[in-house]
Amino acid sequence: MTVLGVLRRSGPALIGGAVVGVWLACALFAPLLAPYDPLKSYSPLISPGGLSPDGMRFWLGTDLLGRDILSRLIHGARTVVVWAGLATLSAYVVGLAAGLLAGFYRGWVDTVLSFVANTVLSFPVLVLYIVIIVSIGASAANIVIAVTFASAPAIFRIVRALTIDLRSRDFVAAAITQGESDWRIMLVEILPNASGPLVVDVCLRLGYTAITIGVLGFLGLGLPPPTPDWGGMINDGRAMAIAFPHLVVFPCIAISSLMLGLSLLADGLREIANAGPGGGEG
Amino acid sequence: MEQILSIENLSIALPRGADRGFAVDGVTLQVARGEILCVVGESGSGKSVLASAAMGALAPGLRRTGGRLTFQGQDVTDLPEKAWQKIRGNRIAMIFQEPMAALNPAIPVGGQVAEVLELHGDLDRAGRAARVLALLAATHLPDPPRIAASFPHQLSGGQCQRVVIAMALAMNPALLIADEPTTALDVTTQAQVLRLIGELRDNFGHGILFITHDFGVVAEIADRVAVMRHGRLVEIGPADQVLNRPQDPYTRMLIDAVPDLHRQVQRPSRQAEPALRIEGLAKTYGTLQALKPVSLTLRRGRTVAIVGESGSGKSTLAKTVIRLQSCSAGRVLVDGQDFAALSGRALARARRRIQMIFQDPFGSLNPRRRVGDIVGRAAVLAGMTRAEARARAAELMELVGLKREALDRRPGQFSGGQRQRIGIARALAMSPEIVIADESVSALDVSVQKQVLALIDDLQQRLGLTVMFITHDLRVAAQIADYIAVMRQGEVVEFGEAEALLAAPRHDYTRALLDAAPGRHWSPPRLAREA
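Respectively, the protein sequence lines represent chains A and B. Using our numbering, the first residue of the first sequence is number 1, and each one after it goes up by one. Using our numbering, the first residue of the second sequence is number 1, and each one after it goes up by one.
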């Protein structure tokens, strides 16, 4: 089924897809869409829609250092999309591999991997992030490592459960009796049939990771300044939020809307997956 | 004779977009007091919808578009749901296919029978308890007080079905509707339940509407038979007439497809060298001995049927031989090589010699892959190049009676019988010497089953395959096997040439199995060709 076909069949997926699409476009075409340079200082603390002394209009206002909030949000989308995407991807590579191995072989492989996963999952996620980032330092690459470490166990558990189920199907038995190699059975016979629930999970997890990056930015553990970062923007504006709410309101809306969009998209995809079991047919 | 249920010209429309307009199309039939009317048909014939209409419980989306329904002289066609609730479980009762699913797992079964009495009757607590015990005794359950206090999971499938029947009998209904009540049961249990249902008719005079797909069951129990196809009633009449002198061409085709338990065909000489020797093969799970040491020889180009009830170890035997699971002891010799002892690349290479045809045509093909990839991949693994494999797949499609175009489609676009053909093509793609068929026709309708059995038989003759055919159905075994091995509790209790074993079984258990085979005294007349 094509992406468009999916969107047409579900209202929530359509709305969610549109919101996510807008942010994706922002990330892709940030330099073209942003009205100003996100790093350049114009005039501090202009209210939304206000004019600077030299007559430039700032639709969402400017921050403490006089930078255009709209431009920073648009460029910030790039940060979120790139790093949330990479971090989720990396977590998925680890979680998929471990989940397939544990679910396929069971036995001691499963015991060891499940033990590790459960141990990691027993820590509060936020504490885990802070410990990791504080100990290895705040940088984009380290955010990817932290997210992988914290998210992969959850992905592992989903993939493992799906694999255990699919492993018992007759088409897997048929592949075994043909002498097919184990890795090919995992990748060709099992993984494609697990993709339905995983696609839903990818959407949700992208949202969580976007929030995580925001939270880390807010805690000052995100990307080093002056990179535009939604969480960092909220943190920067926090002290003045009563007097100048636009400093925090717009970045908050940005994070919430992306999260909402991804959740709606996930809901829609789930709806469609449930409506047609074995979605690969036809 | 007093008519209990009368259905006149009943039509029930399917929702828009279904493959046909009507689930039930102008059906007229009556059920009289003290008679069993069997409604028989293949899947999708509308027989279950008819049953649900007869108890005023159509599934959502279905709609009655015409006809009348009369129950004990009362027109119930347009009865409101409230009034139906007073009739259902009280004067019309239902027996379901899956007894385990019909019972609440969290309540002792006695309580569940009592609930029916509480809902519809006016007995006090003590009266209900006494009646529950009487009902359980009437269905021949041993030690009724103990059974009444048991939860469903503590009872066997047959006992659960008896409890369901006791619930159905609670209010002494005029009409019993039984929808495939024995399909989920083993053959010996099925025989007991069928006998019980026959007794109910004789002793209490219930009218019974019995839905089934199994002509053996029909021959065993029916007074009259109604045959349905695509929602239409194609033939109705006394059992003897419909079973032995069917008039309608479809009925004739169906009956002709039923395998005969008493096979007359003599097979050519059976002397052949061994293709597969199983020696002392055993499998234990913890303390459970699923397979006690089994020894069996399969001769080249011959078919051995392994028959037995659930839990007899016949599937375990198949899976252990083909190395889907490891064995605890024993050898599996193919041309003197111990298949059970191989590992790694040697095992992968040897696997092509033994292939399997699976039971469930819907679960045995990866829904995401194209048929050409599924069949072609098997050929590649057997050592062909991609181009050769492609040609081989096309050749195999024709061999199993499908079109070449099938290669470009996915399994979802095929019917059950067609998928089973694809499964056979996949097994053959590796040019195996031995094929293990694990209940390969059990999920198929009888007419499709006949075609698939004929295909396996034909391929065996042409390719000289050695076949190990696992089945619970003695009729199928009689149809296809040169030899039969009877399994029980992980052991082969009897092994012999098919005709001899069926005609004169030596072991008590084989005899019990044969006695339990529904409709064993009925030989389907061979008549389709004349039609």
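Treat the hints with caution; some may be incorrect.
If you anchor each label on the Cβ, the simulated ranges turn out as follows [what the hints assert, rightly or not]:
1. A:Ser257 x B:Ala391: 40 to 48 Å
2. A:Val109 x B:Tyr285: 19 to 27 Å
3. A:Pro197 x B:Pro249: 46 to 54 Å
4. A:Phe115 x B:Pro80: 40 to 48 Å
5. A:Phe29 x B:Glu81: 58 to 66 Å
6. B:Gly280 x A:Val131: 57 to 65 Å
Output of the computed footprint for chain A on chain B, the stretches with three or more beta carbons under 8 Å from beta carbons of chain A [said to hold, decoys possible]:
7. 107-115
8. 366-374
Calculated from the structure, these hints are not laboratory results. Note that beta-carbon positions come from the ideal geometry of N, C-alpha and C, so glycine has one too.
Hint check:
no. : hint                            : in the structure
1   : A:Ser257 x B:Ala391: 40 to 48 Å : violated (55 Å)
2   : A:Val109 x B:Tyr285: 19 to 27 Å : holds (20 Å)
3   : A:Pro197 x B:Pro249: 46 to 54 Å : holds (48 Å)
4   : A:Phe115 x B:Pro80: 40 to 48 Å  : violated (60 Å)
5   : A:Phe29 x B:Glu81: 58 to 66 Å   : holds (60 Å)
6   : B:Gly280 x A:Val131: 57 to 65 Å : holds (58 Å)
7   : 107-115                         : violated (count 0)
8   : 366-374                         : holds (count 4)
Hint violations for this structure: numbers 1, 4, 7, all remaining hints satisfied.
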